[in-house]
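Q: If you want the building blocks of each chain, they are given just below.
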Amino acid sequence: MPSPTSTSISVVLTGSGGAGVMTAGQTFLDAATSCGLYGLMTRSTGPQIRGGEAAAMIRLAPHAVQSLDDRFDVLLALDFDNLQRFAAEIPLDRNSLIIADSGAGEPPAFLTESGAKLLLIPMAKLAKGIPGGRVSMIGLGALARVIGLPEQSIITAVENSIGKKKPEALVASAQAVKLGAESAAEFPQVGKLDLTKKPAGPRWSITGNEAAGYGAIRGGIKFVAGYPITPATEVLEWMATALQQCGGTLFQAEDELASINMIIGASYGGAPSLTATAGPGLSLMIESLGLAVASETPVVVIDVMRSGPSTGIATKSEQSDLNIAVYGLHGDAPHVVVAPLSIDDCLLTAQWSVHLAETMQTPVIMLSDQFLGQARVVLDKPAEVNFDTKRLTVQGVKSGYERYAITPSGISPMALPGVNGGQYTADGLTHNARGTPSSQAKDHIGQLDKRQHKLDAFDYGQHWAEIDGEGEVAIITWGSSCGPIREAIARARAEGVKIKLIAMRLISPARPQQLTEALKGVKRALIFEQSHTGQFWRHLRAHYDLPAEVVPIYRPGPLPIRPGEVYEHILQGVKP
Amino acid sequence: MPSPTSTSISVVLTGSGGAGVMTAGQTFLDAATSCGLYGLMTRSTGPQIRGGEAAAMIRLAPHAVQSLDDRFDVLLALDFDNLQRFAAEIPLDRNSLIIADSGAGEPPAFLTESGAKLLLIPMAKLAKGIPGGRVSMIGLGALARVIGLPEQSIITAVENSIGKKKPEALVASAQAVKLGAESAAEFPQVGKLDLTKKPAGPRWSITGNEAAGYGAIRGGIKFVAGYPITPATEVLEWMATALQQCGGTLFQAEDELASINMIIGASYGGAPSLTATAGPGLSLMIESLGLAVASETPVVVIDVMRSGPSTGIATKSEQSDLNIAVYGLHGDAPHVVVAPLSIDDCLLTAQWSVHLAETMQTPVIMLSDQFLGQARVVLDKPAEVNFDTKRLTVQGVKSGYERYAITPSGISPMALPGVNGGQYTADGLTHNARGTPSSQAKDHIGQLDKRQHKLDAFDYGQHWAEIDGEGEVAIITWGSSCGPIREAIARARAEGVKIKLIAMRLISPARPQQLTEALKGVKRALIFEQSHTGQFWRHLRAHYDLPAEVVPIYRPGPLPIRPGEVYEHILQGVKP
Amino acid sequence: MNMIPLADQAFKPADYKSEVKPVWCPGCGDHAVLVSFQRAMAQLALPPEKVAVVSGIGCSSRFPAYTNCYGFHGVHGRSLPIASGLKVARPDLTVIVASGDGDGFSIGGNHFLHACRRNLDMTYIVMDNRIYGMTKGQPSPTTEPDWDTAIAPGGTGLSPFHPLVIALASGANYIARGYSGDVNGVASLIVQAVQTPGFSFVQILSPCVTFRPDQQKSWKPLVHEASVPETDDPSVAARRLMSDDGFNVGVLYRGKRPAHDPKPLADLPPSHLEAEFAV
Amino acid sequence: MNMIPLADQAFKPADYKSEVKPVWCPGCGDHAVLVSFQRAMAQLALPPEKVAVVSGIGCSSRFPAYTNCYGFHGVHGRSLPIASGLKVARPDLTVIVASGDGDGFSIGGNHFLHACRRNLDMTYIVMDNRIYGMTKGQPSPTTEPDWDTAIAPGGTGLSPFHPLVIALASGANYIARGYSGDVNGVASLIVQAVQTPGFSFVQILSPCVTFRPDQQKSWKPLVHEASVPETDDPSVAARRLMSDDGFNVGVLYRGKRPAHDPKPLADLPPSHLEAEFAV
Ligand SMILES: Cc1ncc(C[n+]2csc(CCOP(=O)(O)OP(=O)(O)O)c2C)c(N)n1
Ligand SMILES: Cc1ncc(C[n+]2csc(CCOP(=O)(O)OP(=O)(O)O)c2C)c(N)n1
Ligand code: SF4
Ligand code: SF4
Ligand SMILES: [Mg+2]
Ligand SMILES: [Mg+2]
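Residue numbers (our numbering), protein chains in the order written: chain F, 31 to 606; chain A, 31 to 606; chain R, 273 to 551; chain B, 273 to 551.
Simulated from the structure, these hints should not be mistaken for lab results.
Values in this document were obtained by computation on a predicted structure and should not be read as measured data.
A virtual CB, placed ideally from N, CA and C, is assigned to each residue, including glycine.
One should not assume that every hint holds.
[As the list claims (entries may be wrong)] Cut-off 30 Å, straight-line C-alpha distance, at most; resulting in silico cross-link-like pairs (DSS-like, lysine-lysine):
#1 F:K228 x F:K158
#2 B:K489 x F:K195
#3 A:K420 x B:K489
#4 F:K472 x R:K293
[As the list claims (entries may be wrong)] Calculated Cβ distances over 12 Å to all of chain B for the following chain F residues:
#5 E181
#6 P467
#7 Q492
For reference, chain F alone in the conformation it holds in the complex (with noise of 0.2 Å):
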């Protein structure tokens, strides 16, 4: 596999105010994507609600990109204002290029740093100069012209996205664009966009909450209930519409106490349940996720993780909720965490969820983030997998129904409302095989038994990690971490490094067997995560042998994890 990143674009739009980036950079991802381009898009804006600084970063290629690049070939910056608080964002150097209006004023310090060139054209002036004309098609008229996108795509993204209604607005943007691309004619062209290559089949369009939410109903999710929380308000907004078409409901609650329980009370009614939130609601869920699991209902809560502690930065990735995920809860309550390993991949993950949960009888704690949750990416459509998901129930019932019975499985068949004779009362307290309260050592042992066996026994198969190459250094992480790795892991292969990716997607409970043979032959392990006091790397001591040579490596947020970032750590990692 080459190193992707001589065949991708890295583009960022910017500019404040209504300035319409964010609209400009889908427009931009469209029109590429129509003409056969994969790509990638992140969104990152100031505090303010709304009216602030935006940017928009895209990064193009002829094969789909799950990670964004070191730097950017080209910024587009519609104006400067407060463009320097994306300084730390937006990496530079001199073979980029900027493209900005010569009417802005001083550059802010860290583009002339750069050593960037600087392409400046009066782009508002041009606006101005069509009637309706808008600067952001302006700029990406030129941003076209560089790059090497044909305008025409351009121009049709614009129709397909307003659609025919404003012929005017049509006509005002096709003039900006061309003029945009005219004013950037002279320029020599930036990058090598390879438009040859043609998709072999069809591509998707999608966001990883978005594919979080189809994997959910693909898995067979009836009933949502949950609370707005940044990064996770688009799984629940997705799945609103998607439900009431595909036979489900979905219910804003009070809050994250209150969803939680909801998803309880509907799954235990029959319905696989879901709910998705952050970090803040996670916490929220701690104590009724502990009675999902004495009471052995399976939910699924899918923690679209943020920068934290505590209220953090809603807007920005990191992977520090997997010890809540995994350590959260009072009591020895054992139960299922899971973390999808691209963006494309919270389909698979989320309908694994559903399938782990419903077959165990389970909570399940999905841990995507907002990078997978909010990066859009266009790849190739994803392939269809398909679980058997059936969860365990009676139908007739003989007398003396045991809900909680001790079976070799650890898994008990469930009486769901309405079968008579199998009526029983789930309970959060500790229970015999009836559901009856019991204090006894031999009722609690037997259940706590039960409890951790019915998933330690289960075969999870291969989904417990994806895992290739093979050195005698291994990189073992999880989550969005991965997207950059595998792109360093194939820059470094590229020149001969010899190194295994044990990417994981089932974090809880341990595989230790699986984990001990994929480590075969395997001297050094870099523990690779995005968390200040490397959670996951206390994990795997915690519950795994780990090869005698350990190098962790770990960082919080806001920053995104890039390739190169990556890089370094190998080749400084497989040193001898």
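On the provided structure of chain F, position chains A, R and B with the ligands as indicated by the hints.
A: Okay, now just chains A, R and B with the ligands, sitting in the frame of chain F:
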């Protein structure tokens, strides 16, 4: 130190439906105390709210005891109703004696199977013969006689408890006690109760929950908000009156979300503040504990652990909230977790908790448990310890006050409301040194580093652990497991076994250097705890470099850990 | 509401009784509420397996396991969300929620507000003994300000609040008060609560003989039938409930709001959703 | 309430303004509320460092940092408990709580009930825009049933509830409604709220120009002064508030309950407590 077993006597009083077992147990303990003895009393009840079966378990010795014994010398059964339910809690053997009512009917199987001797007394009949006579008093009389406790001490204890206001009741009691004693007169004495040693100084009778409350007030607590929950309620109830006397206030909150936030608010205002709860309540406090971390507001949370998960068994002990206490917060949220090592150590540890919280401006979770909290112990008055507790505050503030200034210690001077010029907004959002919200990487990382650093750099002194003995084998343990372990170690040492004890009071942050120091020369570590999944063991694995050989030993509640059980593990554990 | 003679009933009260022995103290008002519940269910002729009883934590919340219906004994204060999720997923079930003044009005207060507002078709029974029984005697939001307890020595000094007005202001569609001493009266209130569409709230004064020994004697003479007929006018009800003495029993408000009954628009296969992602 | 002429004031509104620039959208009603707050504080002549402003999470909850008072920007829904703890620990401070309809009535509903009941001397200002602004437009408990949003396509179908009646039933001692468009009117309501002992609740209709673009135009003509003078009778207030149109502004209820003000009985040294343990 001699093995305490040889010199102690263990008795258990049982009865049902308002037989007055608990009162009788307390009377008995008081009587023994007045004879110069030391003792321990725990209680166990059936599921009924009132009038169900109950057991008072008492151990007496001429020195303080901090653990139940392996077996009971005497069972005084006022009746046999539902006694079977206590079978696992009342180990008896052929050297035990059962005192029971001759009219009580068939004894439950576990009694006859134990091989214990049976002393049948017509207790009910004798009591009927006395106007106002109580069965329990007959029983106490007999009990006193067979273990060699002067009857008069019982009569005096009754007098002290019901006062002189009810002379008839006193007369009846005295008569009953004497009658009971007489009817056991022929029976050979059980055990050897040494009444000759007299305490050298003043003694206290105290429960762990009272000790925690008193320690907290000694530490400077002025405000408490809490929500009732077993087995933590007594901390609140005891403190309610105590604070009224000592210039503080206690609020019953509407729920645990409110209690934790109330104490955050009071502490922000300058009042050292505390709440007490159990697992389900701690779960609800998780989100706001993160707020206390991020806003650097000192608070103390006492978690009196009970068997979990979920509602579990409210009245039984377990050490299974370690995970939630250490790892339960979302994001990277460093804070302090401590645990008392004995019933009376609840005093010191609570006082230390206030000290750590106030000094480092951090939340501190103290993990007590049902055993420590609800057991009553008679012991020598604990030594007074004084910490020099002072919150770092500012008085005269110049402009540009930085509430969250990055300082060498990581601790920043705090302005209390009312101080002119110190105005700032405490925040759970990622903020800069001034407290202004920020999503910049430098502020996020700067504050994460600072908060971790202030805990890591602090000098915890000798209090982090209690260490004694030498040997190539060490037991590492924590919390209420220490009582039976100390006793087991004493037995083993009496037989020449060399073993070291490391009992950790500071659970988090980890002190790797100190433990490495303490483990010098140790080849094997037995890690002991009362949980189902080895939470303490895994925590140690995650944070410490342990000796090559580690033997984790763990089991959940509800049965108490007994010295004999630990002793067996020690014998196994020291084998080469 | 007339009761059908026992002999004609398809179900008998005993059909709703489980084999589990209540942990309640002898004389606790909740025993009587359990009997009222059984009579009401028999009267409504609901097959036990089509009824789900949901609760939180407290003496009163032990209710579900003592019935022969499906039950969910959840965590403290969260019975209403569990019941709400269940009702939406399973509109065919009759959902009854059993709670106490601590579980329902203290820790569970927010869900009370929002369940009233959501107006799903269910019945909420709160056994109000003005005390926390299970945790051995702490004041609840309905406890008198001068009731002395260990946690609030000398009393809280706080006036009890008005759960019925809160229910009304939040949107409950049926509001009634009963007294556990009147077994048939309470049964009738439960029957009507189930029959009235939407969210029905029944406060039942149910003495705690152990931690409120005053109640068993003092309440009986205070309890009286409401002196005015029930109303469907929220502002009239607001005025009345705000100034009542807390002991007038009967149906105090019966609104006309239809139950909230969310339904999906279609039942298409998930693959239908893929069109949105295709480029 | 007459305003003191600016020139005579010991403090000026600007004394209560911080250097932090609000994140609010241009035109958001909350800007005006901030001005009203500054005017009210100046009017009350409270030294800024003796005022503490506590909030939860939401656009409106960003309030504290924009004042030059002590502030606590807590977590979503928990402003009232923070304020309550603070008030008990520091009765010398003037405590103001700033919240939104989501923060205060949805997730924070339970604390609202209990803070009203507890009746500590503080002022609770809810900037009600009938929407979740911060999370980009989801319905709150005061949102109209047919307001279309992504999370509730076509509307929730749920009637908004009555926060003012809930406050009354829970025991609030002062209940008022204002409109952010009337800067001096709101300032006056805040001044009176602070001056009235006990728990004061001020609902301020404060339009969200971004996610409720309908409000800015449509509210202005609807807002009107309450047509009847304020009352101190809870049942009269209950009836009125239950049936009002939600747009009548002014002081709507002012009770006579003294503020709850818990005080320790003594201030003995801790060692005094040891007597209890001695045997
Ligand atoms: C989160 C949580 N907090 C506290 C408790 C302890 N608790 C159990 S029941 C109860 C109060 C019950 O009072 P009420 O609802 O009035 O029921 P009653 O026992 O009076 O019938 C409390 C505080 C708990 N189980 N969970
Ligand atoms: C526990 C938790 N859940 C959810 C959120 C996300 N959240 C932030 S503000 C908000 C709603 C705010 O609405 P409102 O109080 O009406 O304030 P507005 O923005 O409209 O002024 C929500 C749901 C959060 N921060 N914390
Ligand atoms: S404690 Fe009170 S409420 Fe609980 S069972 Fe006993 S009488 Fe009933
Ligand atoms: S989103 Fe609405 S509430 Fe928030 S700042 Fe903007 S206008 Fe105000
Ligand atoms: Mg009660
Ligand atoms: Mg709002």
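Q: Each hint: holds or not?
A: Hint check results:
no.: 1; hint: F:K228 x F:K158; result: violated, 38 Å
no.: 2; hint: B:K489 x F:K195; result: holds, 27 Å
no.: 3; hint: A:K420 x B:K489; result: violated, 55 Å
no.: 4; hint: F:K472 x R:K293; result: holds, 20 Å
no.: 5; hint: E181; result: holds, 33 Å
no.: 6; hint: P467; result: holds, 27 Å
no.: 7; hint: Q492; result: holds, 36 Å
Going through the hint list in order, the structure does not satisfy hints 1, 3.
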